[in-house]
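Chain by chain, the residues run as shown.
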Amino acid sequence: MAEGLTRAQARDLCERILARSTADGCQVNLTSGADGNTRFAANQISTSGDTSNAVATVSSRVGRRQASVTTNLFDDDGVARVVAASERLAGLAPEDPEQMPLLGPQTYREVPATFAATERLDAAVRADAVRIVADACETAGVVGAGFLQRVAGASAIANSAGLFAYHRSAEAAFTLTVRTPDGQGSGWAGTAHNDWDRMTRPASLAERAITKARGSREPAALEPGRYTVVLEPTAVGNLIGLLRFAMNARAADEGRSFFAKRGGGTKLGDQVVDERITLLSDPADGDLLESPFNGEGLPVPRTVWIENGVLKNLAYDRYWADKQGVQPVPFGGGLRLQGGTASQDELIAQVSRGLLVTRLWYIRAVDQRSLLFTGLTRDGLFLIEDGRVTRAVRNFRFNESPVIALNNLEAIGRPVRVAAAESGGVGGSVVVPPLLVREFTFTSISEAV
Amino acid sequence: MDRRQFLGTTAAGFAAAAVLPPPQADSAIRDLCLHALDAAKAAGAGYADVRIGRNRSQSVATRERRVTGANESETYGCGVRVLVDGAWGFAASRELTRDAVAHIARSAVAQARANRRATRRPVVLAPVDPVADGRWQSPIEVDPFKVPIEDKIDLLLRANEAALAVPGARFVNSSMAFFLQEKTYASTDDVFTVQHIYRCLPQMSVTAVDPRAGDFQSRNSAEIAPMGLGYEWVTRADLIGNAPRWAEEAVQKLSAKSVEAGSYDLVLDPHHLFLTIHESIAHPTELDRVLGYEANYAGTSFAAPPEAVLGKLKYGPEFMQVQGDRAQPGSLSACGWDDDGVAPETYRLIRNGILVDYQTTRDQVEWIRPYTGRTRSHGCSYAESWADVQFQRMPNISLLPGERDLDVDDLIAATDRGIYIIGRGSYSIDQQRYNFQFGGQVFYEISGGKIVGMLKDVAYQARTTDFWNSLDLLGGPRSYTLNGSFNDGKGQPSQSNAVSHGCPPARFHSVNVINTGRYRG
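Chains as they are written, first to last, in this note's numbering: chain A, 1 to 449; chain B, 450 to 970.
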């Protein structure tokens with residue numbers, strides 16, 4: 001149970017819940033699993049935790065009325081109460097004109113997203129991994145703070161129309177921020193994957209962050225303005241997710257999205273970014289390994305959002321797809337930005353004067369009409385001169401749109417899986433290359449280190 | 450005790466039918482708590498605390514004339530935290546049997562032993578006053594879980610209708626959410642408390658669209674704060690009465706003048722300024738950030754190191770007073786005891802413009818004692834739920850009003866060239882809290898002491914201490930208002946905290962304003 005319900009256990013629990021239903025329709029969304037994490041700061045473990053839980057959301061339908069109730073109590077009484085409560089609540093809700101019929105049985109791709117090495121990441125293994133990093137920092141005379149998280153579990157969906165979906169996964173993330181004792185240097189490194197064995201080893205992670213921290217001392221204060229930048233894969237990952245969140249067909253059709261066309265309609269079929277950009281989702285991609293179904297039980301296919309710079313797809317929920325006469329396009333399946341074969345160093349070598357950006361932080365929407373975002377560089381901003389990194393630069397605030405950045409593309413490198421979640425832990429799977437972009441807009445200096 | 454008995458003694462019903470008892474020290478839960486503490490001690494813990502929680506929520510969401518979601522949730526569980534030779538361990542589970550809580554207590558101890566190998570300086574806990582049987586409940590007047598859901602849906606749909614009646618208003622989203630955390634806490638330091646903490650969040654947003662210009666603008670219910678109150682707060686929020694004004698302002702924004710970038714005096718409404726306080730005062734004074742414990746996510750702080758800044762850093766003008774508390778009635782952070790079992794203090798973080806203290810928990814006091822002389826925690830420990838380990842979170846952090854009886858009209862009348870900003874908008878600040886950029890909901894141009902029209906595309910960008918030292922006018926006690934942040938993220942894994950910030954309106958001299966609309970093609 002600690003690692004989530006098995007397929008048989010999940011099916012059994014779903015069937016027990018559905019058997020209680022007296023509504024016109026019923027769906028169960030079940031998640032179960034264990035979250036283990038270890039934090040460290042000042043070169044020692046600070047806190048940690050191991051939590052196991054299982055939660056079911058029961059959605060009942062009475063005619064076109066519907067409501068849902070969530071519980072984590074699964075004895076007979078708990079099951080009876082959650083079903084009764086959802087039916088009572090559904091009976092009180094007004095009719096939903098946008099309700100779609102429950103999906104019947106579906107066929108899903110198998111996504112093998114569990115790995116023995118990841119499942120073995122218990123408190124003792126995590127502590128050992130952290131100790132390697134903390135000892136490296138102590139030996140180097142720097143101060144490390146970081147986070148090692150492992151999430152393992154299963155999700156299942158079943159409904160009264162005969163659908164059953166089940167997916168198991170394990171995923172880990174290890175991120176590290178190293179600061180020099182004088183507070184004048186800060187460097188970051190991170191790694192994430194479903195397979196712990198394919199993640200950057202702790203000693204290498206420490207070395208990367210320590211090197212960045214030392215190199216980021218005594219930064220030069222440059223004038224804000226437009227700079228050529230090499231965005232490391234993590235920084236690209238920070239930006240690219242913003243684009244996907246805006247890819248909602250309904251908002252575009254309603255005229256309240258960057259992807260709405262002036263005068264009506266959407267930008268589907270339009271060239272929106274540089275023709276070298278292809279952005280897709282694919283749950284079965286060996287480096288994405290996301291759930292093969294969404295919350296309704298709809299299979300998540302490989303979806304190309306942008307192909308050679310042309311907007312090919314926006315996400316349609318089932319209602320909006322039906323209304324517009326198209327097939328539904330679910331969100332999900334992680335995110336992959338296709339790239340080339342160039343290494344990051346090869347991109348740097350192409351720059352006569354520019355900046356190397358380690359990662360971006362506190363990114364918030366400023367204007368949805370232009371997909372303008374603001375945020376800051378963090379934990380390693382460096383000057384590139386004549387094809388090589390020459391010195392540290394004081395952090396900048398940027399005001400930029402990922403669409404403009406992807407139009408100002410100069411070169412594209414080799415994609416890698418990144419730990420792009422701002423929280424530094426497990427998040428959606430993102431595989432992106434480093435990018436060389438011209439005229440990236442920085443608007444003010446930040447003294448933050 | 451099995452789960453059946455637990456339910457029978459704690460929840461007289463479920464979902465909408467539940468009858469909520471006043472906080473009570475249920476003997477079966479108390480027994481489970483003590484059993485977990487005994488198991489932890491037997492396994493070698495030098496200290497242990499346990500939280501058994503029942504988390505309940507209800508939410509209703511609508512758009513235009515349709516209900517998009519009606520949801521309830523009720524989950525239970527137990528979390529045990531232990532210290533073994535100065536190293537922390539924490540484990541949690543939804544299983545609420547004697548065997549299960551003893552098992553997680555032993556798991557926490559095993560984890561602490563593993564962590565001890567990577568511990569250099571052992572944790573030292575500041576003293577806490579014993580509490581034999583403490584009870585606390587949010588000061589609600591109307592239990593939101595007893596109000597029929599039909600009434601809530603009806604209110605939201607009527608508010609939507611009122612907004613849609615305004616010509617040009619195209620889309621409306623509205624929602625209300627209610628939360629109840631029933632928390633029983635016990636520790637080996639002889640603290641036992643039961644608390645029922647309520648929170649509510651009514652919200653609304655209206656969008657106007659001009660398809661020919663490819664423009665759209667939204668106005669949300671920025672003045673309606675999330676609060677630690679009951680359904681009476683939703684009633685007082687008067688969504689139906691306010692909706693037409695919010696809709697009109699969304700429409701007005703389409704044709705508002707785009708701001709000319711430059712330097713302006715800013716008159717900031719309390720429903721905007723609270724978030725600036727949150728980001729630029731409350732976060733930098735979290736002691737864990739100051740000492741590097743949040744460096745990998747939330748960041749560190751410019752207000753460091755303590756020995757260099759306490760009693761010295763001039764945060765703002767001499768009339769600037771900032772308070773930390775968990776006591777203001779109806780505030781989001783209010784409680785009787787924190788998740789260390791400490792009764793929180795009301796205290797000054799900034800006195801006469803000078804930084805004098807930080808936010809602390811029991812395991813942080815030892816770090817700061819040499820510089821503050823304080824030997825006790827301020828009571829800032831909090832965990833999002835039983836499933837999460839507690840750590841230092843901000844209490845309510847509030848800017849106290851000035852002595853003169855001024856209100857926002859007085860501030861505007863005293864301003865020659867400025868912008869009046871209402872409501873929270875886009876906000877971003879660096880990881881040491883120096884450089885920030887904030888937008889808002891609505892902006893008005895002030896000229897010659899009068900509002901002369903609406904502006905759009907406004908954001909201001911500043912350095913924290915420059916900004917606060919430019920504070921030159923402060924509203925009086927009658928203009929002091931609470932607003933709050935309902936989902937403040939911090940920690941790894943990230944936990945959400947709800948916190949209020951009180952302030953009067955205030956004026957800031959000569960702040961850099963940028964135009965955010967200039968990127969539109």
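Worth flagging that the hints you see were computed from the coordinates, not collected in a lab. Note that the Cβ used here is the ideal one computed from N, Cα and C, for glycine as well. Mixed in with the good hints there might be a few duds.
[Said to hold, decoys possible] Far from chain A by the CB rule (all over 12 Å, computed), these chain B residues:
(1) 483
(2) 487
(3) 515
(4) 551
(5) 578
(6) 597
(7) 600
(8) 693
(9) 817
(10) 836
(11) 862
(12) 877
(13) 942
[Stated by the list, open to error] Per the computed footprint, the stretches of chain B lying under chain A, defined by three or more beta-carbons under 8 Å from a beta-carbon of chain A, are:
(14) 533–541
(15) 561–572
(16) 697–705
(17) 740–746
(18) 846–858
(19) 882–895
Each hint tested on the structure:
Remark: the non-interface label on residue 483(B) is consistent with the geometry, its nearest Cβ contact in chain A lying 22 Å away (cut-off 12 Å). For residue 487(B), the shortest C-beta to C-beta distance to chain A comes to about 20 Å, beyond the 12 Å cut-off, and the non-interface label holds. Not every C-beta of chain A lies more than 12 Å from that of residue 515(B), the closest at about 6 Å, which undercuts listing it as non-interface. Against chain A, the non-interface label of residue 551(B) holds: every CB pair exceeds 12 Å, the least being about 15 Å.
Here residue 578(B) stays apart from chain A, with its beta-carbon at least about 24 Å from theirs, past the 12 Å limit. With a least beta-carbon separation of about 7 Å from chain A, residue 597(B) fails to lie farther than 12 Å from that chain, contradicting its non-interface assignment. With a closest Cβ-Cβ approach of about 10 Å to chain A, residue 600(B) is found to fall inside the 12 Å limit, against its non-interface label. The claim that residue 693(B) lies off the interface holds: its Cβ sits roughly 20 Å from the closest Cβ of chain A, which is beyond the 12 Å cut-off.
A cut-off of 12 Å between C-beta atoms confirms that residue 817(B) is not in contact with chain A; the least separation is 14 Å. With a least CB separation of 5 Å from chain A, residue 836(B) falls inside the 12 Å interface cut-off, contrary to its annotation. In this structure residue 862(B) is separated from chain A by more than 12 Å, as the shortest Cβ-Cβ distance comes to about 31 Å. A Cβ of chain A approaches the Cβ of residue 877(B) within 12 Å, the least distance being about 5 Å, so the stated non-interface status is violated.
Residue 942(B), annotated as away from the interface, has a beta carbon of chain A within 12 Å; the closest lies near 5 Å. Counting residues of the stretch 533–541 of chain B whose CB lies closer than 8 Å to any CB of chain A gives 6, so the stated coverage by that chain holds, three being the minimum. A stretch counts as covered by a chain when three or more of its residues have a beta carbon under 8 Å from one of that chain; for the stretch 561–572 of chain B and chain A the count is 7, and the coverage holds. Look at the stretch 697–705 of chain B against chain A: 0 of its residues bring a Cβ nearer than 8 Å to a Cβ of that chain, fewer than three, so the hint is violated.
Only residues whose C-beta sits within less than 8 Å of a C-beta in chain A count toward coverage, and the stretch 740–746 of chain B has 7 of them, enough to reach three; the restraint holds. Chain A is given as covering the stretch 846–858 of chain B, and this is violated because 0 residues of the stretch bring a CB closer than 8 Å to a CB of that chain, at least three being needed. Residues of the stretch 882–895 of chain B with a Cβ under 8 Å from some Cβ of chain A number 5, which satisfies the need for three, so the listed coverage holds.
Checked against the numbered hints above, the structure breaks hints 3, 6, 7, 10, 12, 13, 16, 18 and satisfies the rest.
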